[in-house]
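J.: Using the sequences and the hints given, assemble the complete structure.
So the chains spell out like this:
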Amino acid sequence: MTIKFLRRMVLATAASALLFSAPFAAAQSDQEFRVVQAFEIKNFEPKANGWRFRTIGITESLVVSDQQGNIIPGIAESWTTSADGKDWTFTLRKGVTFHNGTPVTAEAVKASFEKLTPTSEFFSKAPIEGIEADGDKVIFRLSEPFGSFLSYIIDPSVGVLAPESFDADGKVVNLISIGPYKIADTELPRSIDLVRHQGYWGEVGKIEAIRLDSVSNPETRANIAAAGDADLVLEIPSTSAKKVDAAGSMHIVSAPLPRVMMLMLNAAKPQFSDVNVRHALSLAIDRAGIGAVAMGDAKLAANQYIPPSSEGWYFPDFPPLRYNVDEAKQILDKAGWVPGTDGIRLKDGVRFEGLLLTFPQRAYLPVTAEALQAQFKEIGFDLKISVGESSLIPEGQRDGSLELALGIRTMVYQVPDPISTLEIDFASDEVPVGATGSTGWKSEKLRQAVQDYQSTTDEAERQPLRRVIADILHQELPVIPITFSDEKWAISNRVQGFVVDPVLQSWSLNKLSLKD
Amino acid sequence: MAVFYLIFQRLGQAALVAFVLATLSFVFIQILPGDIALRITVARVGIDQASALEVERIREQASLSRPMLLQYADWMRSVATGNLGRSFVSDRPVSEELVTAAGYTFRLAIIAWVLSYLIALPIGIYAGLRPNGFLDRMTAVLGATLASLPSFLVGIGLISVFVLMLRWFPPAGYRTSAHLVLPAVTLALSLLPASVRIIRNAVSEVRASFYMTFARFKGLTRFRAFRDHGVRNAAIPVVTFAALQLAFLMDGFVVVETLFNYPGLGEALVKALLARDIPVIMGCSLVIGTLYAIVNLAADLVVVKLDPRRMESAVL
Amino acid sequence: MRQRTVRAWIGTSCFLGAVIIGLPFWLPLDATSQNLQFSLQGPSWSNPLGTDHLGRDVLSRLLQGGPRSLGIALIAVGTATIFGTTIGLLAAYAGRWADALLMRLTDLMLAFPGILLVLLLAGLLGGGPLPLIIGIAFSHWPQFARLSRNIAIGIIQEPQVEASQIAGLSPLLILSRQVLPLVLQQCVVIAALGIGSAIMTISALGFLGLGMQPPTPEWGAMITELLPYLDVAPIQVAAPCFAVFLTVLWFTLMSQALADQAANRVPT
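One line per chain: the protein sequences are H, W and Z, in this order. Just so we're aligned, residue 1 is where the first sequence starts under my numbering, counting upward by one. Just so we're aligned, residue 1001 is where the second sequence starts under my numbering, counting upward by one. Just so we're aligned, residue 2001 is where the third sequence starts under my numbering, counting upward by one.
Because the hints were derived from the structure by calculation, they are not lab data.
Okay, derived cross-link-like pairs now, DSS-like style, lysine-lysine, Cα gap no bigger than 27 Å in a straight line:
{"hint": "1", "chain 1": "H", "residue 1": "K347", "chain 2": "H", "residue 2": "K334"}
{"hint": "2", "chain 1": "W", "residue 1": "K1271", "chain 2": "H", "residue 2": "K488"}
{"hint": "3", "chain 1": "H", "residue 1": "K42", "chain 2": "W", "residue 2": "K1271"}
{"hint": "4", "chain 1": "H", "residue 1": "K299", "chain 2": "H", "residue 2": "K377"}
{"hint": "5", "chain 1": "H", "residue 1": "K125", "chain 2": "H", "residue 2": "K445"}
Some chain H residues near chain Z, calculated using beta-carbon distances under 8 Å:
{"hint": "6", "residue": "E219"}
{"hint": "7", "residue": "T239"}
{"hint": "8", "residue": "D286"}
{"hint": "9", "residue": "G289"}
{"hint": "10", "residue": "A292"}
{"hint": "11", "residue": "V293"}
{"hint": "12", "residue": "E370"}
{"hint": "13", "residue": "A374"}
According to the in silico footprint, chain W covers these stretches of chain H (three or more CB under 8 Å from chain W):
{"hint": "14", "segment": "208-217"}
{"hint": "15", "segment": "221-231"}
Cβ coordinates follow ideal geometry from the N, Cα and C atoms, glycine included.
T.: Right, here's the structure in full:
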């Protein structure tokens, strides 16, 4: 009896094992075009994932941006502003269709904007009173002039969606849009199957079908690239770039990003309220060393807050941020911070120390925090580290308990003009929720400059204002920049046509093709 | 009947485990420092995208401002009806996400388990039939070595050799059977040392035992003696242990799934822990804990079926 | 001869343990000094195992991380042993009702998958040594409870113990002279295995990023930190791997030796 029982069990197990492996028998086709990216797309919510849908090429707004950040026509082939700057009129191209084949009408565009604007990130900041559809024109009526309107309309959370994309409650259930690739199938959050949109107004994609996979672990992506298991792999960590190149089936393409890694401090705390002390801390940072070790490139050391790729906002003539430990010590001595018996400085009973908060999602952040710990110790500052949830940082900003934080700020890629992030970070009473911006610091001059900038579209007026804003940030150091960032992609040797877009990071999948 | 009592007791245990896990998760979330709503917002819309308005919206939506006892009652009630809430990160129903993940984990677990026994049985039986022989001693050494290697080290080693050097297998994914091989092998290797030892001990005991000698007296060949009389008795400890090993796999698959980017329950749990996605954390713990208890129940039932003498100790 | 083996194991372990834990006090180990210019250097006289990505001496970090992981494992398993054995002995002595209750409780805990508890605690409390200690202790104590209770019950029914009771010896004396030694002997076997498994758990959590915070050196975390540099700095990656492996192997072998020896001593 026992033998029969055992025999049955063995057979049952073997059968179930075979059964479960059956779905895997379908092998991956060699012709399949595979793209691997880092960000898992959890749902169709435009606010959370809009920027991803745009970079993939599923959604688009009325206008698009070129690689320099200039606004060029999209489905809107031209636009005009009224004399008082309060009305913006966009004329739509003829013959453009949505992914499902229905024509793109002004009515549909108006409906899409109306549904998406209230929950959008940036576009909701524009003072829009109403939207109208008139023939082939869409008109936005503002309550007051808003100079950055063209930039803000690129906000990916207001990518144009066909009416069928929304359900009865106005929630997005489908992404039927106007971009060069449309969704054929999804297995969220891991993969999306894309198919090219023949009715795209611009360059129709040469590759018929693309499989997009999400792999969040950077090392795994590097391994996939090294194994040649994909055609395009995004966001390769700098430390693995050599490995991928050496492996031979894919090569690395790299471009600078408008992103800065910065040390945030609470200027209201006694340790950091003196601007000279902030400069001393800045002088103690070995940016080249951190760049080399954490980012893989010593040249990424930051010399000012806004990265060079943000044209018009970067000023090569600004005195660069330097590394000079002796000078830092002198400044601190003069400011009255005296080293105690354990080497840590003291002044008026306050210890020169602080707790730094940071988060682990980017590998270089904890590494940089550790490096800072050692570098600050040299000038008598006791830095403690806590790696945890990024949301603890804005919480600390809000209740004033934050001492230091290590974070990153990307200047663009939602909208092309850095003014959007600068305003949120430095000119607003509201605490930015993304672990960015100044704490306990206010500059009326900066706020005025930002306001002036927003109320005009005249480039002659705007450029000097840019300089004023950048200069204040450089002199006062409400946050201390450490390094910039670059982005690395791995391209298969059988692919050609890849175009790097550092401003909006659109992958331009429609420009890719296979070499024969 | 005693069997029913056993089933009842074990199911009760499983339910109790689920209850305790659910309560524990709830308690821990409440004592976390910081603002949950803020954390959820950042997890859901990303660092660059969150805003204060969004935070308030999510706070309302997740009813995070109601008194704790009511939240607890709400939670327990929804769990009992199988509704594990919606993920804070993806906004999809937790049960939906976990069912897919559980399917993948189950597949991997069965394949790893079968694989480990395909390897362990021949080695163990042979070593048991020739105890203290060369193979026996070698497997003992190898077994101790393998048992001292954490599964992530084994996995890393396999990736370095088979993926990066030899290019035989892809590094991550779940689509083709090729993707399953390395994770299954890693898990199987983690089970091997113990099962080989158990099989070997069981076989060597049986080999020297009374009833085997008796069978030989009857004139049966060594092989037939073993097949007809030995296997049954050797099988009991082996099968008992085999059933338990499915449960041991739980420890291993968290690390292995994360390492190979395999979309099972283990990976889902680790991701949820790092993102503080509370509903998914609670859901995963519940599913894993309950499954573990059920597998233990199945193991006990198998033991009792094979050797009714064991009933007493199992029930107590 | 067996007794000598056990004494040899325990003696050597204690000696090695003292040496390892004492090392930071004697040697000028510097596990935290960085030197960004000398990142990922190969082995040299000043850095026998090379430097890590921040220019820190890998050997020092290894030798400082060891006592920490070992300490946590020892505290956790020690706690589990004391707590579990106490519960088990209580169950054996306290009569049927308490026995059944305590054993139900123990069974319940056994139905918890070990690593799950540690993961939950670590993930929700933010890492560090405390969740590890609590989680590991919690997942290990049931084995000790079960084992000590079963042994104790067996021994109590022994003729020599009955004789002692009749002779009027206090229960406490019986406990310490006749019951405890045998219980502890078996428990040491499980404890040794438990320490090995605890070290694996600690390094696994370090690997997953749910372990201890920087700049604390810990073997599992060191492996994760240095893994991206495997092709340029293989020695630095291999060192913590071997450290974990050898330590766990030590305890695995020790527990096997202890098990062999204990098997010969259990009264039938």
